[in-house]
Each structure stands twice: as structure tokens, then as C-alpha cells.
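Trainee: Throw the hints in and build the complete structure from the sequences for me.
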Amino acid sequence: MLLEVTELTKAFRDTMAVDHISCTLGNGVYGLLGVNGAGKTTFMRMLCTLLLPDSGAIRWEGSDIFSMGGAYRKLLGYLPQDFGYYPDFTIQDYLLYIASIKGLRPAYAKKHAEQLLQQVGLWDIRKQKMKKLSGGMKRRAGIAQAMLNDPQILILDEPTAGLDPRERIRFRNLISEIADKRLVLLSTHIVSDIEYIAGEILLMKDGKLTLTGTTQELTASMPEQVWRCTVQREQLDHYLQHYQVSNIRNTADGVELRILSASCPMAEAVPEPATLEDVFLYHFGEKAGADHDIL
1 MLLEVTELTK
11 AFRDTMAVDH
21 ISCTLGNGVY
31 GLLGVNGAGK
41 TTFMRMLCTL
51 LLPDSGAIRW
61 EGSDIFSMGG
71 AYRKLLGYLP
81 QDFGYYPDFT
91 IQDYLLYIAS
101 IKGLRPAYAK
111 KHAEQLLQQV
121 GLWDIRKQKM
131 KKLSGGMKRR
141 AGIAQAMLND
151 PQILILDEPT
161 AGLDPRERIR
171 FRNLISEIAD
181 KRLVLLSTHI
191 VSDIEYIAGE
201 ILLMKDGKLT
211 LTGTTQELTA
221 SMPEQVWRCT
231 VQREQLDHYL
241 QHYQVSNIRN
251 TADGVELRIL
261 SASCPMAEAV
271 PEPATLEDVF
281 LYHFGEKAGA
291 DHDIL
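Numbering (my numbering), first residue to last: 1 to 295.
What the hints contain is simulated information worked out from the structure, not anything from laboratory work.
Among the hints, a few may not be true.
[Unchecked claim] Below are the EDC-like pairs computed for lysine to aspartate or glutamate, each with C-alpha atoms no more than 20 Å apart in a straight line:
#1 LYS127 - GLU114
#2 LYS205 - ASP19
#3 LYS131 - ASP180
#4 LYS208 - ASP19
[Said to hold, decoys possible] Restraint ranges, calculated between C-beta atoms of paired labels, are given here:
#5 ASP237 - ASP64: 53 to 59 Å
#6 ASP124 - ILE169: 15 to 21 Å
#7 HIS238 - SER176: 25 to 31 Å
#8 ARG166 - GLN81: 18 to 24 Å
#9 PRO165 - CYS264: 30 to 36 Å
#10 GLN118 - ASP82: 24 to 30 Å
#11 LYS131 - LYS110: 19 to 25 Å
#12 GLN128 - THR212: 48 to 54 Å
#13 LYS131 - SER176: 28 to 34 Å
#14 GLU217 - ASP14: 32 to 38 Å
Don't be surprised by glycine CBs; every beta carbon is placed ideally from N, CA and C.
Mentor: This is how it looks when you write it as C-alpha cells:
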């Protein structure tokens, strides 16, 4: 099971949305991590054959996916950021409607839809109309429709956008449950969504894959040390101007800072293990002197 991407590019006028991306994806969960506008959605839409690349190739088991046509799409499940639905359909009717579009046999579709409704926790409200669902329930209905054809490739674009922390945890657990024996590519700008479920993480910036690897490999590759120190409030502006500060927290003794720096920022600073969030902030976050929120 291999999805091979080679020198993939896509430009919109003067903007290079995807810039010569190459990667090989196999069985497991992959996290595509980057800020909004990094090119994640354009990349995923090409993987779903919804956009044609300007150059490069995407191959599934050695075959070009655009030449495979329907044979490839039968292997694919896709949850876009915003998916369409008829608001007066019940959840169950919505799934059966999508199953008919995908060409699934009615008997199989009915049985599999029932199984998926139970798996995503919507069975008890299956007769409720789509327009009355909360954001988290709609996302769960969305992943159920993406799983209707039991896809070998599951592509999820910002699946937890707009969800509260409890729904995000539920969604991550659901992904872990369904990820066995398939390729799952999950894009997000929320680090915690993929930190514990993705076997490999792809950092995307300005249309390019800047770094790939496991969480451990990415944190080990950090070129700067993470330091924790407490400073007086009147010293805060100095540290914000001269260091990349990933976190600020008020304490009884002053202001506790989490600083990314190649050298020790002060004698009392204590080194800390780097996290995936530190890696994200190093590559995508605020620079010294930027505005910060104080917690």
C-alpha cells in the first residue's frame, strides 16, 4: 500500500500553492501540519483528484491516480473542510444518499451505515435532521460518509476546525479506532490533534514540505534549546524583543517564560524537553518582538 508523490506543483496565478512536493505514504496515520494558507488543502484536493497538478505525479501502487479514474476513487474516502448536505435529511438518510452516489449496493449501504452510525456515536440520534446537529455531530457524520466505502485511503482536511476540546478528543480517538490497515492523512494547524495519533508528521510551509518524521524525530531535530525561566514583569519587553517566546504565564514571583534559544537566556533558566508545539512555533510561530498573550 503506497501512495507516491513526486515533484508535485500547483500554482494559482502568481502564487505557488504546492511547490515541488515529494513524499511516500503507506499504511498508518500521517499528520499534515501547517498554518492556514500553507497549501494543505490544495495538496489534499490533488490527492483526491479534485485538482489537476501543473506538474509532477501521484501514483497509487505504481499507477497514475488520474489515469486510474473511478478505480482510484473507489479506494478513497474524503472529508473536506466544508461538506455539503441537504439540511432536512436525517443523518441516516444523508448517509444512504451519499452511499447511492458512491454506487454502493443498497443492502450493503444500509448495513454499513448502521455500523458507522454506532461507531461515530450517532446511532441514537440517527433520525435527527442534519440542520439541527452541533458542529461536532456534523463532523462525525462527515467522517461516517467518508468511511462508507471502507476506503483504503482516508483524507481528512481540518476535521476538528470549530470543535470544542471535548469533541476534538473524541474525534482523535475515533481516528485511532478506524486507522487500522489503511492510509489516513489528516491536515490541521492544531498540534494536539496529531501529536499522539500520527505515526509520521509532515510540516508544510509556503507550499513546501519543510520537515517530516515522527514526533520524536522532529523534536530531536530542533536546532534551538527550550528554556524555562521566571523574570520580573518590567523585564518582559526585553525578552520579547530578543527571544522567541512560546509561552507566557503570570506567577506569584513574576512572569514565567518558555523560550526557544540556542544559548541560555539567563543564568537561572532551566532547560526543558522540546515538544511538537515547540517545533511548530519554531518553524511557523511568532518571532522576537511579536505580540503575545499573557496567560
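Trainee: Please name the hints from earlier in the document that this structure breaks, with their numbers sorted from lowest to highest.
Mentor: Failing hints, ascending: 3, 7, 12.
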